[in-house]
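Chains A and B supply the protein sequences, listed in that same order.
Each residue of the first sequence is one higher than the one before, starting from 927 at the first, in this note's numbering.
Each residue of the second sequence is one higher than the one before, starting from 641 at the first, in this note's numbering.
Errors might be hidden in some of the hints.
Taking lysine to any residue and the SDA-like style, the derived pairs with C-alpha atoms no more than 25 angstroms apart in a straight line are [what the hints assert, rightly or not]:
{"id": "1", "chain 1": "B", "residue 1": "K857", "chain 2": "A", "residue 2": "K1165"}
{"id": "2", "chain 1": "B", "residue 1": "K857", "chain 2": "A", "residue 2": "Q985"}
{"id": "3", "chain 1": "B", "residue 1": "K857", "chain 2": "A", "residue 2": "L1043"}
{"id": "4", "chain 1": "B", "residue 1": "K857", "chain 2": "A", "residue 2": "N1094"}
{"id": "5", "chain 1": "B", "residue 1": "K857", "chain 2": "B", "residue 2": "T772"}
{"id": "6", "chain 1": "A", "residue 1": "K1004", "chain 2": "A", "residue 2": "P1034"}
{"id": "7", "chain 1": "B", "residue 1": "K857", "chain 2": "A", "residue 2": "P1034"}
{"id": "8", "chain 1": "B", "residue 1": "K857", "chain 2": "A", "residue 2": "S983"}
{"id": "9", "chain 1": "B", "residue 1": "K857", "chain 2": "A", "residue 2": "E1022"}
{"id": "10", "chain 1": "B", "residue 1": "K857", "chain 2": "A", "residue 2": "S1015"}
{"id": "11", "chain 1": "B", "residue 1": "K857", "chain 2": "A", "residue 2": "Q1036"}
{"id": "12", "chain 1": "B", "residue 1": "K857", "chain 2": "A", "residue 2": "T970"}
{"id": "13", "chain 1": "B", "residue 1": "K857", "chain 2": "A", "residue 2": "E1011"}
{"id": "14", "chain 1": "B", "residue 1": "K857", "chain 2": "B", "residue 2": "V831"}
{"id": "15", "chain 1": "A", "residue 1": "K1004", "chain 2": "A", "residue 2": "P940"}
{"id": "16", "chain 1": "B", "residue 1": "K857", "chain 2": "B", "residue 2": "I789"}
{"id": "17", "chain 1": "A", "residue 1": "K1004", "chain 2": "A", "residue 2": "Q985"}
{"id": "18", "chain 1": "A", "residue 1": "K1004", "chain 2": "B", "residue 2": "L859"}
{"id": "19", "chain 1": "B", "residue 1": "K857", "chain 2": "A", "residue 2": "F1016"}
{"id": "20", "chain 1": "B", "residue 1": "K857", "chain 2": "A", "residue 2": "R979"}
{"id": "21", "chain 1": "A", "residue 1": "K1004", "chain 2": "A", "residue 2": "G965"}
{"id": "22", "chain 1": "B", "residue 1": "K857", "chain 2": "A", "residue 2": "V986"}
{"id": "23", "chain 1": "A", "residue 1": "K1004", "chain 2": "B", "residue 2": "V831"}
{"id": "24", "chain 1": "B", "residue 1": "K857", "chain 2": "A", "residue 2": "D1124"}
{"id": "25", "chain 1": "B", "residue 1": "K857", "chain 2": "A", "residue 2": "Q1013"}
{"id": "26", "chain 1": "A", "residue 1": "K1004", "chain 2": "A", "residue 2": "L1043"}
{"id": "27", "chain 1": "A", "residue 1": "K1004", "chain 2": "A", "residue 2": "S983"}
{"id": "28", "chain 1": "B", "residue 1": "K857", "chain 2": "A", "residue 2": "E1150"}
{"id": "29", "chain 1": "B", "residue 1": "K857", "chain 2": "A", "residue 2": "R1012"}
{"id": "30", "chain 1": "B", "residue 1": "K857", "chain 2": "A", "residue 2": "P940"}
{"id": "31", "chain 1": "A", "residue 1": "K1004", "chain 2": "B", "residue 2": "A855"}
{"id": "32", "chain 1": "B", "residue 1": "K857", "chain 2": "A", "residue 2": "R999"}
{"id": "33", "chain 1": "B", "residue 1": "K857", "chain 2": "A", "residue 2": "L1032"}
{"id": "34", "chain 1": "B", "residue 1": "K857", "chain 2": "A", "residue 2": "Q1003"}
{"id": "35", "chain 1": "A", "residue 1": "K1165", "chain 2": "A", "residue 2": "N1094"}
{"id": "36", "chain 1": "A", "residue 1": "K1004", "chain 2": "B", "residue 2": "K857"}
{"id": "37", "chain 1": "A", "residue 1": "K1004", "chain 2": "B", "residue 2": "F760"}
{"id": "38", "chain 1": "B", "residue 1": "K857", "chain 2": "B", "residue 2": "P771"}
{"id": "39", "chain 1": "B", "residue 1": "K857", "chain 2": "A", "residue 2": "Q1000"}
{"id": "40", "chain 1": "B", "residue 1": "K857", "chain 2": "A", "residue 2": "Q1010"}
Worth flagging that the hints you see were computed from the coordinates, not collected in a lab.
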Amino acid sequence: MAILEASNLVVDIPGRSAGDPFSARILPGQRWGVLGPNGAGKSTLLHTLAGLRPPRSGQVLLDGDCLTQLRRRQLAQKLAVVFQERQDSFPATVRETVLIGRHPFLSPWQQETANDLRLANQAMDALSLSLLADRLVSTLSGGERQRVAIATALTQQPAIWLADEPTNHLDLHHQVAVMELLHRQAEQGAAVFMCLHDLNLAARWCDHLLLLYPDGELCFGPAETMLVPEALERLYDQKLSVGQINGVPVFVPG
Amino acid sequence: MLAVLGVVALLVAVTVGSVSMTFSELWMAVSGRGDPLFRELVFSLRLPRALAAFATGGLLALAGALMQVLLRNPLADPYVLGISGGAAVGALASMLLGLGTAMVSGSAFAGALLSTLLVFGLAQGRGSWTPTRLLLTGVVIAAGWGAVITFMLSLSPADRLPGMLYWLMGDLSYARSPWLAWLVLVPVLIVTLPLGRSLNVLARGPLQAAALGVAVKPLAWLVYGLASLLTAVAVTTAGSVGFVGLIVPHMLRLVLGNDQRIILPASVMAGGALLTIADTLARTLMAPEQLPVGVITALLGVPTFLFLLYRSR
């Protein structure tokens, strides 16, 4: 269990005037979705919350400690990041890649233990990667690599998930599988904070939403209060039609 | 297995030469009996040179493996960031002035250090650390040194040119004492061993590495510093021997996979063995003429590498 808190946080996007400050606590069990058009600063916000970029002002606190005062290793023991882009310049197998999620927990001289291998195997099972375990990551498809990245974060057993478009490249079945996995993580006490492009996934799987406008304006709150068609149309500058399926709103452009 | 190969390479290097000896004669010489000529030959000529070759090969291969991970660029070698260029300018300058071997080594080391600091200072810049920035800075500095080297070669009198060219191609006949190389190689290897897993993570990019708990900037500068030190010592010992630092880590990756915890020590062994064998060939193939060892490393390495590449997945 861990609490990530943004306090008057303004992200640093070069060439853009400071937007609204973001102050919120992301509590265990919550599933946050960040919505916004391209270039609104979703990924920048995510990286800033992970302590990978300095904010323009304000601060991010993990269990009350400012991120800048924590060592990266301490941070990585509680917080995992799923990136949108990945670099695989050197060949590595799926198993090796998933296993590096244990890195924050191992001392320099230590080898991976049987327990670490078990966690990696479980993560590969959870993302149906077991059959690909010995394949080189560079030979996989985009969706398979996306699942490898999520399995790596799962091996890290984080209390806080920061995921940048976790359903990128995934087929429908795996989109749902990944969302269910993150939902289960939240039920077990993790906090999930993810950038999403798909309004319908956000409507179905998130309990809190943060809308990021291109000019830096933002608003957030419980999902049902944020899924207002007028607000979303202004957010994306796109007309939307809204329906209802099983009590969940469904958004279609046009 | 690589360790055995290393020992065999050293043994062969000590026994083969203008006066060949059998392994039993070698054993007699080492154990203090036998022909005093052999003792002299082994302990003051062949053994120091073989040890210097082994250490230089180990230094270069380890530096190459580190640079490739640091820059996340498979084409990186120990010289890509201009260290050998700086060393060469230092060495050639003292040769041009007619200074002795010790001064040549000293100024080569000073040149390497100067180049390292120059690249380090200029690559800092503002904003975040990126491998591309370091690589570009290093490559441009290397190009600058290249121009200075050509300038110096065109200025130098004809009788000094062969020595200079041999230095540039890499030549172990300058290597008088292997101890500096070993004194640097062994501690640096011990320091890098526990870094292996962090380097595996760093190879996946600075952001991913930071998210997995690696303090990227300190680690990157530490690796840069260590690789520079290794290269500077190697260049000081034997001039800029090419090829070992680029190819040996790749050969090992093709065979052993890409776990730095294995690749780093294996590079030292394989690089050392390759350069020892190459140097033995260099001084025996056309004896009493000595070939530049860099030629032999390339002649041995190119087919081996192509074979491994062809065979790999």
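Now the hints, each set against the structure:
1. K857/B x K1165/A: 46 angstroms, violated
2. K857/B x Q985/A: Holds. K857/B to Q985/A sits at ~21 angstroms (cutoff 25 angstroms).
3. K857/B x L1043/A: Judged against 25 angstroms, a Cα distance of about 29 angstroms means the pair is violated.
4. K857/B x N1094/A: 29 angstroms, violated
5. K857/B x T772/B: Holds. K857/B to T772/B sits at ~14 angstroms (cutoff 25 angstroms).
6. K1004/A x P1034/A: 19 angstroms, holds
7. K857/B x P1034/A: 17 angstroms, holds
8. K857/B x S983/A: 23 angstroms, holds
9. K857/B x E1022/A: Judged against 25 angstroms, a Cα distance of about 24 angstroms means the pair holds.
10. K857/B x S1015/A: Answer holds: K857/B to S1015/A is near 19 angstroms, not above 25 angstroms.
11. K857/B x Q1036/A: With a Cα-Cα distance of about 22 angstroms, the restraint between K857/B and Q1036/A holds, given a limit of 25 angstroms.
12. K857/B x T970/A: 20 angstroms, holds
13. K857/B x E1011/A: Cα-Cα ~20 angstroms, so holds.
14. K857/B x V831/B: 17 angstroms, holds
15. K1004/A x P940/A: 29 angstroms, violated
16. K857/B x I789/B: Judged against 25 angstroms, a Cα distance of about 33 angstroms means the pair is violated.
17. K1004/A x Q985/A: At roughly 18 angstroms apart (the allowed maximum being 25 angstroms), Q985/A and K1004/A satisfy the hint.
18. K1004/A x L859/B: 21 angstroms, holds
19. K857/B x F1016/A: 20 angstroms, holds
20. K857/B x R979/A: 13 angstroms, holds
21. K1004/A x G965/A: 28 angstroms, violated
22. K857/B x V986/A: Roughly 21 angstroms separates the two Cα atoms, so the pair holds.
23. K1004/A x V831/B: Between K1004/A and V831/B the Cα gap is close to 28 angstroms, so the pair fails against 25 angstroms, i.e. violated.
24. K857/B x D1124/A: 36 angstroms, violated
25. K857/B x Q1013/A: Given pair K857/B, Q1013/A holds - Cα atoms ~18 angstroms apart, limit 25 angstroms.
26. K1004/A x L1043/A: Roughly 19 angstroms separates the two Cα atoms, so the pair holds.
27. K1004/A x S983/A: It holds: about 24 angstroms lies between the C-alpha atoms, which stays within 25 angstroms.
28. K857/B x E1150/A: With a Cα-Cα distance of about 43 angstroms, the restraint between K857/B and E1150/A is violated, given a limit of 25 angstroms.
29. K857/B x R1012/A: 19 angstroms, holds
30. K857/B x P940/A: Satisfied, since the Cα-Cα distance of roughly 22 angstroms is no more than 25 angstroms.
31. K1004/A x A855/B: 16 angstroms, holds
32. K857/B x R999/A: 14 angstroms, holds
33. K857/B x L1032/A: This hinted pair holds, its Cα atoms lying about 20 angstroms apart.
34. K857/B x Q1003/A: It holds: about 19 angstroms lies between the C-alpha atoms, which stays within 25 angstroms.
35. K1165/A x N1094/A: Cα-Cα ~24 angstroms, so holds.
36. K1004/A x K857/B: The given pair, whose Cα atoms are some 21 angstroms apart, holds under the 25 angstroms limit.
37. K1004/A x F760/B: 33 angstroms, violated
38. K857/B x P771/B: 11 angstroms, holds
39. K857/B x Q1000/A: Holds, because 17 angstroms separates the two Cα atoms, which is no more than 25 angstroms.
40. K857/B x Q1010/A: 22 angstroms, holds
Checked against the numbered hints above, the structure violates hints 1, 3, 4, 15, 16, 21, 23, 24, 28, 37; every other hint is satisfied.
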